[in-house]
Amino acid sequence: ETGVTQTPRHLVMGMTNKKSLKCEQHLGHNAMYWYKQSAKKPLELMFVYNFKEQTENNSVPSRFSPECPNSSHLFLHLHTLQPEDSALYLCASSQDGPGSGNTIYFGEGSWLTVV
Amino acid sequence: GQNIDQPTEMTATEGAIVQINCTYQTSGFNGLFWYQQHAGEAPTFLSYNVLDGLEEKGRFSSFLSRSKGYSYLLLKELQMKDSASYLCAVEGSGNTGKLIFGQGTTLQVKP
Numbered sequence: 003e004t005g006v007t008q009t010p011r012h013l014v015m016g017m018t019n020k021k022s023l024k025c026e027q028h029l030g031h032n033a034m035y036w037y038k039q040s041a042k043k044p045l046e047l048m049f050v051y052n053f054k055e056q057t058e059n060n061s062v063p064s065r066f067s068p069e070c071p072n073s074s075h076l077f078l079h080l081h082t083l084q085p086e087d088s089a090l091y092l093c094a095s096s097q098d099g100p101g102s103g104n105t106i107y108f109g110e111g112s113w114l115t116v117v
Numbered sequence: 023g024q025n026i027d028q029p030t031e032m033t034a035t036e037g038a039i040v041q042i043n044c045t046y047q048t049s050g051f052n053g054l055f056w057y058q059q060h061a062g063e064a065p066t067f068l069s070y071n072v073l074d075g076l077e078e079k080g081r082f083s084s085f086l087s088r089s090k091g092y093s094y095l096l097l098k099e100l101q102m103k104d105s106a107s108y109l110c111a112v113e114g115s116g117n118t119g120k121l122i123f124g125q126g127t128t129l130q131v132k133p
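Taken in sequence, the protein lines are chains A and B.
Per my numbering, the very first residue in the first sequence carries number 3; after that it's consecutive.
Per my numbering, the very first residue in the second sequence carries number 23; after that it's consecutive.
These aren't lab readings, by the way, just hints derived from the structure by calculation.
Treat the hints with care, as some may be off.
What the hints assert, rightly or not - Derived EDC-like pairs: lysine to aspartate or glutamate, alpha-carbon spacing no greater than 16 Å straight-line:
1) A:38 x A:110
2) A:43 x B:31
3) A:42 x B:31
4) B:98 x B:36
5) B:90 x B:36
6) A:21 x A:69
7) A:54 x A:87
8) B:132 x B:31
9) A:38 x B:31
10) B:90 x B:74
11) A:42 x B:27
12) A:21 x A:87
13) A:20 x A:69
14) A:20 x A:87
15) A:43 x B:27
Here chain A stands alone, though its shape is the one from the complex:
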């Protein structure tokens, strides 16, 4: 079992749909992250949670809504998305939050296609 698991691995949704991405980490880490990876672009940090509290929102549109019920689980709720939101969404975790020098461990990612 990998340290960070994401579901679903693939998701196709219409622009009026509401869906959620789920992430679970089995590493006992305190910080969790959502990153977006688009073709030909660097990984973009979206949200950071440290001890369940959101510590970073990197100017992400409100159609993306994160939820962190505990240190092991992270969700990304999606609604009224646009085709340009189609990308690979990566969840990650680290022992401590940003600036700590801890290695970030990534999940396999959820491929999202908005039609």
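Go by the hints and put chain B onto chain A.
Frame of chain A; chain B shown alone:
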């Protein structure tokens, strides 16, 4: 602003040595990471440099010069399975330091 530059693509031959360069300009510096990402898979950690110098780990080595804002990843005895994207990432300083990624270098290893 914050900027991390890497070559977009590189090609090398099986058994050879390849060096992937990364230059950065960031707000503060707390360390530099290299990740490997095979197509359709998660990025996986390769190395972490916080002090100047060379860190060697098997066939892979990573070098850092903080004064020059420069790092490289050295891959020796290339294997076909080393074909992947290599991501350079810099962590800013302080407890708000974020991990900023470069665009990644896609390495193709040919027989």
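Outcome of the hint check:
Using a Cα cut-off of 16 Å, the hinted pair residue 38 of chain A and residue 110 of chain A holds, with the two alpha carbons roughly 12 Å apart. Taken as a hint, the residue 43 of chain A and residue 31 of chain B pair is honoured in the structure, with Cα atoms around 13 Å apart against an allowance of 16 Å. Taking the CA atoms of residue 42 of chain A and residue 31 of chain B, the gap is near 11 Å; set against the 16 Å cutoff, the hint holds. About 10 Å separates the Cα atoms of residue 98 of chain B and residue 36 of chain B, which keeps this hinted pair within 16 Å; it holds.
Pair hint residue 90 of chain B plus residue 36 of chain B does not hold up; C-alpha atoms about 31 Å apart against a cutoff of 16 Å. Distance restraint check for residue 21 of chain A and residue 69 of chain A: the Cα-Cα separation of roughly 13 Å lies within the 16 Å cut-off, and the hinted pair is therefore satisfied. Taken as a hint, the residue 54 of chain A and residue 87 of chain A pair is broken in the structure, with Cα atoms around 25 Å apart against an allowance of 16 Å. With a C-alpha separation of about 13 Å, the suggested pair residue 132 of chain B and residue 31 of chain B falls inside the 16 Å cut-off, and the hint holds.
For the proposed pair residue 38 of chain A and residue 31 of chain B, the alpha carbon gap of about 21 Å is over 16 Å, so the pair is violated. For the proposed pair residue 90 of chain B and residue 74 of chain B, the alpha carbon gap of about 10 Å is at most 16 Å, so the pair holds. Restraint check for residue 42 of chain A and residue 27 of chain B: the C-alpha separation of about 13 Å stays at or below 16 Å, so the hint holds. The hinted pair formed by residue 21 of chain A and residue 87 of chain A meets the criterion: a straight-line CA distance of about 13 Å does not exceed 16 Å.
At roughly 15 Å between alpha-carbon atoms, residue 20 of chain A and residue 69 of chain A fall within 16 Å of each other, so this suggested pair holds. Restraint check: the Cα-Cα separation between residue 20 of chain A and residue 87 of chain A comes to about 14 Å, which is no more than 16 Å; the hinted pair holds. Note on residue 43 of chain A and residue 27 of chain B: the hinted pairing holds, with a Cα-Cα distance of about 12 Å set against a maximum of 16 Å.
This entry does not satisfy hints 5, 7, 9, going by the numbered hints stated previously.
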